[in-house]
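Asks: Build out the structure end to end from the sequences listed, making use of the hints.
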Amino acid sequence: MNKGNNPSAETRRPDRAALIIAVVLAAIAGLIFWDVSRLSGLAGYSQVGPTTVPYAIAFCLVGLAIWTAAEALRGDFGHEREKQEFGPVVWIVGGLAAQMLLLNTLGFSIATGILFAMTACGFGKRRLWFTIPIGIAFSYLVWLIFAKLLQLSLPAGPLERLFF
Amino acid sequence: MGTFDFLLQGLLVAAQPMNLLYALIGVTLGTAVGVLPGIGPALTVALLLPVTYKLDPGGSLIMFAGIYYGGMYGGSTTSILLNTPGESSSIVTALEGNKMARAGRGGPALATAAIGSFVAGLIATLALAFIAPYIVKLALVFGPREYFALMVLAFVTVSSAFGDSTLRGLTSLFVGLTLACIGIDQLTGQTRLSFGVPDLLDGIEVTTLAVAMFAIGETLFIAAQGDRGPDKVEAVRGSVWMSAMDWARSWKPWLRGTFIGFPIGAMPAGGAEIGTFLSYAAEKRLTKHPEEFGNGAIEGVAGPEAANNASAAGTLVPLLTLGLPTTATAAIMLAGFQQYGLQPGPLLFATNPQLVWGLIASLLIANFMLLVLNLPLIGLWVRLLTIPKPWLYAGILLFATLGTIGANPSVFELGMLLAFGLLGYVMRVFGYPIAPVVVGLILGPLAEQQLRRALSISQGDITVLFTSPIAAVLLVIAALALIVPLILRARGRGEVLAQLAASED
Amino acid sequence: MKHFFLASILAGALALPAYAADYTIIAPANPGGGWDQTARSLQTVMQQEGISGNVQVQNVPGAGGTIGLAQFASQQKGNPNALLVGGYVMVGAILTNNSPVTLKDVEPIARLTGEYEAIVVPAASEIKTMADLVAALKKDPGSVSWAGGSAGGTDHIAVGLIAKAAGVDPTKINYIAYSGGGEALAAILGSQVTAGISGYGEFESQVKAGTLRLLAVSSAERIPGIDAPTLKESGVDVVVENWRMVAAAPGLTDEQKAAVSADIEKLAKSAGWQEVLKTKGWQDTYLAGDAFKEQLTKDIAATETVLKDIGLVK
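Protein chains in written order, with this note's numbering: chain A, -16 to 147; chain B, 3 to 507; chain C, 3 to 316.
Where hints are given, some of them may not hold.
Where chain B lies over chain A, by a calculated footprint (3+ residues, C-beta under 8 Å) [stated by the list, open to error]:
hint, stretch
1, 13 to 22
2, 32 to 41
3, 88 to 101
4, 115 to 126
Below, in silico cross-link-like pairs of lysine-lysine (DSS-like), each with a Cα-Cα straight-line distance of 25 Å or less [as the list claims (entries may be wrong)]:
hint, chain 1, residue 1, chain 2, residue 2
5, A, K66, B, K139
6, C, K141, C, K234
7, C, K282, C, K210
8, C, K130, C, K79
9, C, K130, B, K139
10, C, K130, C, K140
11, B, K139, C, K210
12, C, K295, C, K310
13, A, K108, B, K139
14, C, K79, C, K259
15, C, K310, C, K140
16, C, K271, C, K259
Calculated directly from the structure, the hints in this document are not laboratory data.
Just so you know, even glycine gets a beta-carbon here, dropped at the ideal spot from N, CA and C.
Replies: Here it is as structure tokens:
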């Protein structure tokens, strides 16, 4: 799905990325069919039960998949895709993943400080030895304000426990 | 004492210097917390309510009103400047508002939002004071079938208002509708598309999806442009203040937004978002500058923002007249009122006039304070855009995740934030519009539940959907909105349509 | 940003005299709901009565409280300062959601409040008494639509019990689930449905104003101050109470359990709590220790039966 960097605007060849999108849409439809088929109808007095709407959505998704595939084959899917640089994306996704995994052990400030630094890194501030402390300090300040003064519950870690 | 005397007395109390200060503090706090993406007015009010307990009833009521309006308004600032709507009701604001901010017109966008909120809040609060009992009668006529018709109308108008490609708009919408199916089916208690994951049982949180798709998706997309984009956005081009032209184009949307938002807010199952959707669709159809829609049309900010604030006041109609808390925010307010010994209900206006009018006067004052606080700050806010990108986006992600963690500190929720952030990024790469996903998630369950309720009550008789006059009228409007453009298009190029088409390509 | 911090500090000065951290209360629901209100009332009273210096409330919403329950049982294990608010709705939700974590995995301390179900009809309705409603239900169960809370919740269970007691097939009830109390109430007031069922507090002001007619309440005996017969008196042998409780974390020592129980008892007997019960209109149904646990076991068994009868649990 990430193969979006082929400049397909003027080509009339089948659009590979669009075909993949069509397949994904069809797969989602299949997933809905599979999951909903195990529900009991249990509609009560309404003829529209818990399964009706998901089925309708799945049918429409199949239709959209066919439509997308048709446009892809005709090369009509269009839309100029700008060249994407994946380095920064990986940095930021990594930062979010790191925050998610470290949050409950290292606490809000350290985990979020790492997210902060890795995002800045994705945007070109590469000096992590400099940005991580800034990030942690800033996150700590934010934590103080929201957790201590405004009583928002934000997970505390070793750094937060050091002072409170 | 008559209505006016009570209101006057309330205003006199609320206008004492100390109380004005409390209003200002309330508005500031409400804005400060409400500005965080993911923290909507409900959580803002819940967090800050204890602050008001320390004051005397008059002061606490007014500070509370300030927090409420501040929390409502806070979300639009980040929507406009950073394309990260703080809650579902400011999603539409981001569509045009952020385009304006990118073009150096963030100042006028914020100003029209603030003044629109004020105008809407003023009219809606007065409407609350004087016609609440009539509005609430209208709201009660709305049963499942009328709501279903309203949702159909919302779907039709909204889907026509998004994006330049029908295929992409529909695909986005259906992705949203699919996400909407996840979780426990409200009417039968069965789980759908949850795959045994307990965290999915309550479905996808709208704010999580909105924050992820907008804030994180946007950040990833900007980052992936590498060095091509300018390092800074030009914060101000032209005046930071609204021009005569801006005023001329804003006042009608303010009023229209108010008249759309207030009654929808007053409906027990309306919700602020639907008013903003309808207002946006209406402005897009009525504008004299259709080519600007999608590129930063001021009407597209003025209308929805007014609708948003008017529906916030509208929510108070069922709360004060019937004791019906129709939103999470209203439920928390109900808890707050009980602190003042106020038991909302049908007898409230009769048994407790001082407090009710005190509250209404407080709302008026708080609304005014919101303007006082926010207009001078606009110059400061737009300067946010001059922060160099690495720090700006690092900060956006910090606050976006802070909101999510504060609302629900679970690793799973953060995982969803990341997953939907990636989805938002990929959709941007391929030119899919983002808003219909969120619209699908909001409207999908409402439409489905109301349809099923209506059919259940009628024991399966489908004709009930059309036999209520209100439902019939709404469905006819929806049908017209769907068919008329098709006919016009089929008959060749009407002048307006040619213009519309030009804007759509 | 500067005004931001300034404001926050101001707020802090107003909100917080400096205390050491103490209890953390998990409200397994979104802000605004009954459990959240209970948790926040506990917070206020505990601080005010000096039972605990600083109390934090944390919302862990989801799936009838089972998400909060599961998270509480695993993350707070052995933590004597953590409390969980819960209630009867959780009992049903655990069954309908097949929750792997149940109330056996936490340490229920005491039942604090309770509310009885009330059955109402719009004032203009032809149905005047509970007997009329039961007659209509017997004649054609589908024609009687009931508005109430979420599917499988207390309201739904109560309707199932009423049908069963009236000799009507519980799978045939026409129950219309609404998410919030407000929405259901609007449907009843607007005569969109035949009857409504919810906690009495939801309807109180409407009943007093004469816009709703109260047919019966689900208590064992008449409630003082409420002019309505019990279901039992009306010939429907059903008693349902929607109670709320507080539980401690699993894995506590006996001393720790005793300390928490003592704190909760102090709270329940305090003037501040009694005041809260009065302003919120909650019944004081304080029940602690083994008596509470026994009641809990009975409730769980009865709920399982009725959910099976309605067809929500297999």
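Asks: Compare the structure with each hint and give your call.
Replies: Structure-based check of all given hints:
Counting residues of the stretch 13 to 22 of chain A whose CB falls under 8 Å from any CB of chain B gives 5; the rule of at least 3 is met. For a cut-off of 8 Å, the count of residues in the stretch 32 to 41 of chain A with a CB near a CB of chain B stands at 5, and the three-residue condition holds. A stretch counts as covered by a chain when three or more of its residues have a beta carbon under 8 Å from one of that chain; for the stretch 88 to 101 of chain A and chain B the count is 5, and the coverage holds. With 4 residues having a Cβ less than 8 Å from any Cβ of chain B, the stretch 115 to 126 of chain A passes the three-residue criterion, so the hint holds.
With a C-alpha separation of about 57 Å, the suggested pair K66(A) and K139(B) falls outside the 25 Å cut-off, and the hint is violated. For the suggested pair K141(C) and K234(C), the alpha carbons sit about 21 Å apart, so the restraint of at most 25 Å is met. For the hint linking K282(C) to K210(C), the alpha-carbon distance of about 16 Å falls within 25 Å, and the restraint holds. Straight-line distance between C-alpha atoms of K130(C) and K79(C) comes to about 52 Å, which puts the hinted pair past the 25 Å bound.
Distance hint between K130(C) and K139(B) is fulfilled; the C-alpha atoms sit about 23 Å from each other, no more than 25 Å. Under the criterion of a C-alpha separation no larger than 25 Å, the hint pairing K130(C) with K140(C) is consistent with the structure, at around 16 Å. This hinted pair checks out: K139(B) and K210(C) have alpha carbons roughly 19 Å apart, not beyond 25 Å. Only pairs whose Cα atoms come within 25 Å are accepted, and K295(C) paired with K310(C) is accepted, the gap being roughly 23 Å.
Between K108(A) and K139(B) the CA atoms are separated by roughly 59 Å; this puts the pair beyond 25 Å, and the hint is violated. For the given pair, K79(C) sits about 13 Å from K259(C) by alpha-carbon distance, which is consistent with the 25 Å threshold. Restraint check: the Cα-Cα separation between K310(C) and K140(C) comes to about 21 Å, which is no more than 25 Å; the hinted pair holds. Between K271(C) and K259(C), the direct Cα distance comes to roughly 18 Å. Compliance with the 25 Å bound is thereby established for this hinted pair.
Comparing the model with each numbered hint stated earlier shows that hints 5, 8 and 13 do not hold.
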